[in-house]
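Enquirer: Based on these hints, arrange chain A on the given structure of chain R.
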Amino acid sequence: MVSGPNLVPDPSGSLHLVTHVLRLAALGTHLEVKCTGESADLLVSAMRTAWSRCLSTETPDGASDTPPVDAHLDDPSGLTQRLMLTTQEITRALIGTQAGRLLMLHAGAVSHPETGASLVYVAPGGTGKTTLSQRLGRHLAYLTDETVGITDAGGILPYPKPLSVRRVEGTGLKDEVSPDRLDLVPAPMAPQVSRVVVLVRDQPPGVVHLEELTVMDALFAVVEETSSLSSLARPLHRLAALLDAAGPVLRVRYGEASDVESELAGLIGGSA
Amino acid sequence: MKVQRLEATDVLTRDGETAVLIDGVVLRLSEISAEIYALTEHLVEVSRLATDLESRFGAPEGTTTRQATDAAVAELIHHGLLRASS
Numbered sequence: 058m059v060s061g062p063n064l065v066p067d068p069s070g071s072l073h074l075v076t077h078v079l080r081l082a083a084l085g086t087h088l089e090v091k092c093t094g095e096s097a098d099l100l101v102s103a104m105r106t107a108w109s110r111c112l113s114t115e116t117p118d119g120a121s122d123t124p125p126v127d128a129h130l131d132d133p134s135g136l137t138q139r140l141m142l143t144t145q146e147i148t149r150a151l152i153g154t155q156a157g158r159l160l161m162l163h164a165g166a167v168s169h170p171e172t173g174a175s176l177v178y179v180a181p182g183g184t185g186k187t188t189l190s191q192r193l194g195r196h197l198a199y200l201t202d203e204t205v206g207i208t209d210a211g212g213i214l215p216y217p218k219p220l221s222v223r224r225v226e227g228t229g230l231k232d233e234v235s236p237d238r239l240d241l242v243p244a245p246m247a248p249q250v251s252r253v254v255v256l257v258r259d260q261p262p263g264v265v266h267l268e269e270l271t272v273m274d275a276l277f278a279v280v281e282e283t284s285s286l287s288s289l290a291r292p293l294h295r296l297a298a299l300l301d302a303a304g305p306v307l308r309v310r311y312g313e314a315s316d317v318e319s320e321l322a323g324l325i326g327g328s329a
Numbered sequence: 514m515k516v517q518r519l520e521a522t523d524v525l526t527r528d529g530e531t532a533v534l535i536d537g538v539v540l541r542l543s544e545i546s547a548e549i550y551a552l553t554e555h556l557v558e559v560s561r562l563a564t565d566l567e568s569r570f571g572a573p574e575g576t577t578t579r580q581a582t583d584a585a586v587a588e589l590i591h592h593g594l595l596r597a598s599s
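These protein sequence lines map, in sequence, to chains R and A.
In this text, residue positions in the first sequence follow the numbering used here: the first is 58, and each later residue adds one.
In this text, residue positions in the second sequence follow the numbering used here: the first is 514, and each later residue adds one.
In isolation and in its complexed conformation, chain R is listed as follows (with noise of 0.2 Å):
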């Protein structure tokens, strides 16, 4: 899970301490994370509390086809954003890695703890997945609100990052939050897509919208909300699959997550 201090080149060539290798298991593929610096110690701890569903205790038979991520520490106070930004390019080097493999969705999803069937909520940063994933998720599994990798068959490999809490204060600055700290749902063994919905955050609290789409409809609502889409063969045939499979579609246009959790609880027969 954590080894010890080693020295490995940095990109310039010269050698540089690597305090801790944190090794993570995530969207179907293995990453190490590389924590330096002189608050390495602090840094690869709150790591480990962060990532707390990610950790991996198994030793990859071969180097993992996933970049290490690189995270560097040396002042304390920068923790919350070093932590943020290190999730980003995990985030990223997870992506990369799936290109071609997973049909990606910028979305959150959760799934019934004994069926496996998930809902899976896409949206633009910044609309709510974070705050739904983490109402949903005390009584449906949470998988992800970030990244929902998908396989061929309809699969989800779940991405149990923490949650990127955004303070109050707009700073812009999110906190890194485990979902074992929030009491979340942990994943099922074989989730599966069951519905997807489009949310649109743009009613006033209280008032809910939903909106039956046709597949061409979700298409263009979701295609933006892909990673990687064209590294797939026949993408946009693959992605109508999918939304075939788990329609009808909606849109659901709505103010607080409260107004919507029950219906989307609903949904993969779940309650809230």
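The hints are simulated quantities; they were obtained by calculation from the structure and are not laboratory data.
Careful, some of the hints might be misleading.
Simulated DEER-style distance windows between Cβ atoms [as the list claims (entries may be wrong)]:
1. Arg569(A) x Gly211(R): 34 to 40 Å
2. Glu146(R) x Arg569(A): 48 to 54 Å
3. Gln517(A) x Glu269(R): 34 to 40 Å
4. Ala584(A) x Gly211(R): 40 to 46 Å
5. Val264(R) x Asp536(A): 36 to 42 Å
6. Ala290(R) x Arg541(A): 18 to 24 Å
7. Thr114(R) x Val538(A): 41 to 47 Å
Which residues of chain A face chain R? A few of them, derived with a C-beta cut under 10 Å, are [to be verified]:
8. Asp523
9. Val524
10. Asp528
11. Glu530
12. Ala532
13. Val533
14. Leu534
15. Asp536
Every residue gets a Cβ at the ideal spot worked out from N, C-alpha and C, and that includes glycine.
Expert: Okay, now just chain A, sitting in the frame of chain R:
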């Protein structure tokens, strides 16, 4: 003028609508634009396209078939789906 389509990553048609993924962008084509795209695998004279479109869809209202074809072709060129060759 002759035109020829540029190869898309993927083309999907559903219920009379067509989506084209090209250069990482997905475009939604009308039925007429989709027909032009389908007819331009090889270099084709725009006048020939106009004839084929009129036989397929009939004459447009309020304009000539050639003007309507020119406008649709210009839009497809603008979005990078067709290239023109004089």
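Enquirer: State for each hint whether it applies.
Expert: Status of the hints after comparison with the structure:
In this structure, arginine 569(A) and glycine 211(R) meet the distance hint of 34 to 40 Å, their C-beta atoms being roughly 37 Å apart. For the pair glutamate 146(R) and arginine 569(A), the supplied restraint of 48 to 54 Å holds, since their beta-carbon distance comes to about 52 Å. For glutamine 517(A) and glutamate 269(R), the Cβ-Cβ distance of about 39 Å falls inside the hinted range of 34 to 40 Å, so the restraint holds. Between alanine 584(A) and glycine 211(R), the C-beta spacing of about 42 Å keeps the proposed range 40 to 46 Å intact.
Between valine 264(R) and aspartate 536(A) the C-beta distance comes to about 39 Å, which sits within the given range of 36 to 42 Å. A hinted range of 18 to 24 Å holds for the C-beta pair alanine 290(R) and arginine 541(A), which are about 22 Å apart. Our hint of 41 to 47 Å for threonine 114(R) and valine 538(A) holds, since their Cβ atoms are close to 42 Å apart. Look at aspartate 523(A): its Cβ gets to within about 4 Å of chain R, closer than 10 Å, so that hint holds up.
Because the smallest distance between the Cβ of valine 524(A) and any Cβ of chain R comes to about 7 Å, under 10 Å, the interface hint for this residue holds. Interface hint at aspartate 528(A): satisfied, since its Cβ lies 7 Å from the closest Cβ of chain R, which is below the 10 Å cut-off. Contact between glutamate 530(A) and chain R, as hinted, is supported at the beta carbon level, the nearest pair being about 5 Å apart and thus within 10 Å. Residue-level restraint check for alanine 532(A) holds (minimum Cβ-Cβ distance to chain R is 5 Å; threshold 10 Å).
Proximity of valine 533(A) to chain R holds as hinted, the smallest CB-CB distance being about 8 Å (cut-off 10 Å). For the restraint placing leucine 534(A) at the interface with chain R, the shortest Cβ-Cβ distance is roughly 5 Å, inside the 10 Å limit, so the hint holds. With its C-beta approaching chain R no nearer than about 8 Å, aspartate 536(A) sits inside the 10 Å limit, and its interface hint holds.
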